[in-house]
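Enquirer: Using the sequences provided together with the hints, build the complete structure.
There are 2 protein chains.
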Amino acid sequence: MPSAALARPRPRTDAASVDGVQAALAYARANGGRFVEELKALVRFPSVGSEPAHAAEVRRCAAWLAAHLDSLGLRARLVETSGHPLVRADWRGAPGRPTLLVYGHYDVQPADAADGWHSPPFEPTLRGDALYGRGASDDKGQLWAHVKAVESWLRTAGRLPVNLVFLFEGEEESGSGGMLGYLARRGPSLGADAAVISDMPMRDARTPAITLSMRGTLGMEIEVRGPSHDLHSGIFGGAVANPLHVLSDLVARLHGDDGRVAIPGFYDAVALLPPAERAALRRAGPDDAEMLREAGLSAGWGEPGWTEYERTTLRPSVDVHGIAGGYAGDGVKAVIPTRAAAKLSFRLAPGQDPARVERLVRRWVAATPVPGARVRVRTLSRARPVRVDARHPAVAAAAGAARAAFGRAPVFVRSGGTLPVAAVLSADLGLPVVLMGFALRDDGMHAPDEKMHLPIFHRAVETSIRMLAAMSRLSPSRTGRR
Amino acid sequence: MPSAALARPRPRTDAASVDGVQAALAYARANGGRFVEELKALVRFPSVGSEPAHAAEVRRCAAWLAAHLDSLGLRARLVETSGHPLVRADWRGAPGRPTLLVYGHYDVQPADAADGWHSPPFEPTLRGDALYGRGASDDKGQLWAHVKAVESWLRTAGRLPVNLVFLFEGEEESGSGGMLGYLARRGPSLGADAAVISDMPMRDARTPAITLSMRGTLGMEIEVRGPSHDLHSGIFGGAVANPLHVLSDLVARLHGDDGRVAIPGFYDAVALLPPAERAALRRAGPDDAEMLREAGLSAGWGEPGWTEYERTTLRPSVDVHGIAGGYAGDGVKAVIPTRAAAKLSFRLAPGQDPARVERLVRRWVAATPVPGARVRVRTLSRARPVRVDARHPAVAAAAGAARAAFGRAPVFVRSGGTLPVAAVLSADLGLPVVLMGFALRDDGMHAPDEKMHLPIFHRAVETSIRMLAAMSRLSPSRTGRR
Chain F
1 MPSAALARPR PRTDAASVDG VQAALAYARA NGGRFVEELK ALVRFPSVGS
51 EPAHAAEVRR CAAWLAAHLD SLGLRARLVE TSGHPLVRAD WRGAPGRPTL
101 LVYGHYDVQP ADAADGWHSP PFEPTLRGDA LYGRGASDDK GQLWAHVKAV
151 ESWLRTAGRL PVNLVFLFEG EEESGSGGML GYLARRGPSL GADAAVISDM
201 PMRDARTPAI TLSMRGTLGM EIEVRGPSHD LHSGIFGGAV ANPLHVLSDL
251 VARLHGDDGR VAIPGFYDAV ALLPPAERAA LRRAGPDDAE MLREAGLSAG
301 WGEPGWTEYE RTTLRPSVDV HGIAGGYAGD GVKAVIPTRA AAKLSFRLAP
351 GQDPARVERL VRRWVAATPV PGARVRVRTL SRARPVRVDA RHPAVAAAAG
401 AARAAFGRAP VFVRSGGTLP VAAVLSADLG LPVVLMGFAL RDDGMHAPDE
451 KMHLPIFHRA VETSIRMLAA MSRLSPSRTG RR
Chain E
1 MPSAALARPR PRTDAASVDG VQAALAYARA NGGRFVEELK ALVRFPSVGS
51 EPAHAAEVRR CAAWLAAHLD SLGLRARLVE TSGHPLVRAD WRGAPGRPTL
101 LVYGHYDVQP ADAADGWHSP PFEPTLRGDA LYGRGASDDK GQLWAHVKAV
151 ESWLRTAGRL PVNLVFLFEG EEESGSGGML GYLARRGPSL GADAAVISDM
201 PMRDARTPAI TLSMRGTLGM EIEVRGPSHD LHSGIFGGAV ANPLHVLSDL
251 VARLHGDDGR VAIPGFYDAV ALLPPAERAA LRRAGPDDAE MLREAGLSAG
301 WGEPGWTEYE RTTLRPSVDV HGIAGGYAGD GVKAVIPTRA AAKLSFRLAP
351 GQDPARVERL VRRWVAATPV PGARVRVRTL SRARPVRVDA RHPAVAAAAG
401 AARAAFGRAP VFVRSGGTLP VAAVLSADLG LPVVLMGFAL RDDGMHAPDE
451 KMHLPIFHRA VETSIRMLAA MSRLSPSRTG RR
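Those sequence lines, one after another, are chains F and E. Taken in order, the first sequence gives residues 1 to 482; the numbers are from our numbering. Taken in order, the second sequence gives residues 1 to 482; the numbers are from our numbering.
Some clues are possibly wrong.
Which copy? The list can't say, so a pair holds if one copy fits it or any two copies do.
[Said to hold, decoys possible] Within a straight-line C-alpha distance of at most 25 Å, the following computed SDA-like cross-link-like pairs (lysine to any residue) qualify:
1) Lys40 <-> His446
2) Lys333 <-> Val375
3) Lys40 <-> Ser50
4) Lys40 <-> Leu78
5) Lys333 <-> Glu358
Think of the hints as simulated: they come from the structure by calculation, not from any bench.
Expert: Laid out in structure tokens, this is it:
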């Protein structure tokens with residue numbers, strides 16, 4: 001539905017006044033215990049979007065969310081997609097004010113109690129000052145902070161400082177297909193001036209962080225076909241090209257001896273950061289020792305001249321995730337397999353374009369044919385990198401809110417990960433995308449004993465309350481919409 | 001039991017006379033139909049040695065064989081091993097004559113009717129002039145030809161032209177563990193002067209073949225360990241050595257650009273064939289077109305200067321059979337795996353020693369360390385190559401018997417495959433090993449619709465009858481035992 005139809009004009013009041021913020025904060029403090037109880041109800045849904053057996057629970061979770069948002073006074077509904085439904089909820093009562101899009105996802109990673117959970121993954125449990133349960137931080141706890149901030153405004157001022165649309169999806173952990181399709185079709189009609197995504201870690205428990213860039217991806221499969229059927233290596237070994245060898249040779253040649261990706265032209269479009277920004281990033285991000293400790297390694301490896309953190313954020317990379325073909329189980333089967341295939345993905349630095357890199361890879365693969373081997377490249381996924389302008393007023397508004405809530409200015413970091421939704425919001429819809437998360441790096445976002453640190457949750461609610469006010473002071477024209 | 005205890009001296013008669021051969025051949029012709037019915041009974045046992053579920057059937061098959069051999073007048077029994085039992089049957093009634101060891105195996109490859117069998121694999125079925133069923137040619141049909149040749153002699157002359165020991169195992173398709181252990185412990189006490197193995201194809205349906213060499217093997221696993229746990233390639237891609245990359249690099253460097261194995265010293269001990277023998281081998285073996293047709297390929301690949309057949313028989317090779325680690329299933333899991341491992345095997349040409357090659361490989365792997373990656377090499381199997389002297393009288397005896405039975409002299413070929421038992425008989429026991437098989441290349445030895453061509457089966461019985469006579473004319477001292 002076009003945003004115009006959703007706007008319900010009301011008498012304009014200064015909802016973003018200091019008094020408005022204080023009232024909303026007081027409400028949040030008074031109701032914080034209930035907020036957590038409601039979050040427990042949300043975590044209780046086993047909304048594992050990637051597992052068909054859970055499809056009904058995913059939908060029940062979406063319906064529960066929509067009903068809750070409706071009860072708060074938003075215009076909420078389920079939007080059907082090819083997969084799990086989106087939850088969309090609008091509040092359009094501030095004509096002339098900017099419109100903020102808040103993205104989140106209510107689907108969660110799979111969870112098996114046998115993997116080492118200390119309490120059942122879908123029975124949210126308080127231990128110490130954390131709430132344990134699958135999805136507690138990724139992303140139910142984070143989206144819930146924004147929902148409760150909106151409630152705090154609506155239950156006190158009776159209105160929000162800005163127009164707002166929540167878009168929550170149920171397929172983030174499995175490709176975001178429905179959300180990407182919806183944004184492609186309906187994105188412009190949302191009338192958003194800025195977007196906020198809270199689905200990433202803070203720097204540490206005391207230091208909020210705003211992410212200024214994310215890497216894109218190019219997922220590919222390289223398949224090598226050889227003999228028409230598996231051959232016995234006794235009978236044919238030495239006389240035919242083994243697809244696993246041809247494939248290994250391609251994988252080996254992805255990198256030069258210097259650790260750089262060796263595909264001609266690969267680095268051409270990579271954006272270089274000004275020295276001052278690079279120095280700031282080095283200070284803000286983890287150092288080599290911290291990175292290696294997390295990886296369980298005594299030595300790093302990669303492109304010379306960059307720190308471990310820079311290698312994973314400013315620089316592109318390529319990794320093979322698995323190689324199929326032949327037999328690698330118990331014992332030995334002496335086969336020369338008819339085919340071998342590698343799944344791999346490039347991580348693309350800001351400046352790189354997945355489609356252009358794809359052409360470079362295809363050309364590179366075709367340049368070294370091997371007799372008796374046919375090589376085919378299949379593209380599995382493409383997502384563009386994301387860049388956020390640190391000087392954008394929307395970023396400044398979020399940073400100010402976080403500083404006030406946490407008593408410490410957020411650091412500006414960069415991520416090596418990929419968020420296709422952020423790329424679409426940024427590149428296709430031209431929105432400034434505020435990437436500000438409230439998880440901790442050790443919250444177990446894709447691991448057992450996932451948790452949400454509750455003191456942080458309450459500060460996230462406060463951050464969101466303050467951010468809504470701060471965003472209201474921007475005129476729509478200042479948000480840089482194009 | 002030592003062979004001396006098995007010898008039952010009898011009055012010496014010229015059992016190997018022309019009359020003796022003719023009587024045995026007449027008996028075989030008269031009883032050929034029954035021989036095939038008995039072979040059907042043998043094929044009916046689902047003696048799949050590699051599948052624990054079939055263990056009882058494997059033992060029933062062994063017991064049936066031993067009882068049959070006992071009924072023919074041999075001293076037959078089961079020999080227990082760590083795995084399936086051996087069937088050993090001795091006839092020691094010709095003191096002063098040579099002793100022939102005839103090896104075979106009664107275990108069979110797995111068979112699933114769903115793989116494309118036109119009749120159930122363990123319900124032997126006559127179609128055209130072939131008997132279809134799992135094991136019909138590999139190796140039940142081939143060992144049965146020797147058993148029926150022995151019967152033909154015993155039921156006519158009342159004795160054999162030579163002393164004889166049958167050794168049939170139930171683990172050939174799964175490593176020959178029990179047999180190799182037995183030969184190591186008891187081999188010398190068998191008192192054999194020559195061995196015969198029929199477990200390989202003829203050149204074609206009209207042309208028998210004697211194999212003059214087989215390649216050895218060195219089975220290995222190369223494992224690369226990296227980070228302490230699977231890492232997310234978004235968070236760490238570009239900053240750590242990916243075990244799959246390190247492994248692929250090793251696999252790629254196994255070969256030089258010229259198609260030769262690039263491990264220093266690898267070819268040092270490879271025996272070179274005199275030009276005349278090489279020319280004879282080229283004429284006897286398949287040409288490139290035939291090899292490529294069997295592989296379903298339009299182009300070969302490998303060491304320059306050798307034909308496809310030479311590459312697989314005279315020259316060593318190495319093939320990777322599978323690569324484990326990470327995720328290669330449906331979709332993509334963006335992991336940098338904690339480990340990757342390749343199963344591979346070298347095929348060793350006559351002259352090469354598995355232990356020496358193993359040392360070369362370990363040294364080569366250790367020569368190129370990668371920061372953050374630990375490489376471990378594990379040896380899974382070792383078998384020496386086998387060489388047979390074409391001029392040995394035992395080979396001449398077998399060749400003459402085959403020429404008489406098939407009306408065509410056997411060609412001398414070489415095999416790229418491996419038979420650990422043959423290596424032990426040849427290198428450890430010092431026996432001339434006659435490698436003369438009666439299968440056809442298209443008999444489906446490890447495939448659906450395995451069959452035995454019955455006209456060839458009957459000629460194999462005749463070959464064996466004649467060979468027993470021919471071997472008797474060798475004095476034990478002439479058989480080259482060392």
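Enquirer: Are any of the numbered hints broken by this structure? If so, which, sorted upward?
Expert: none
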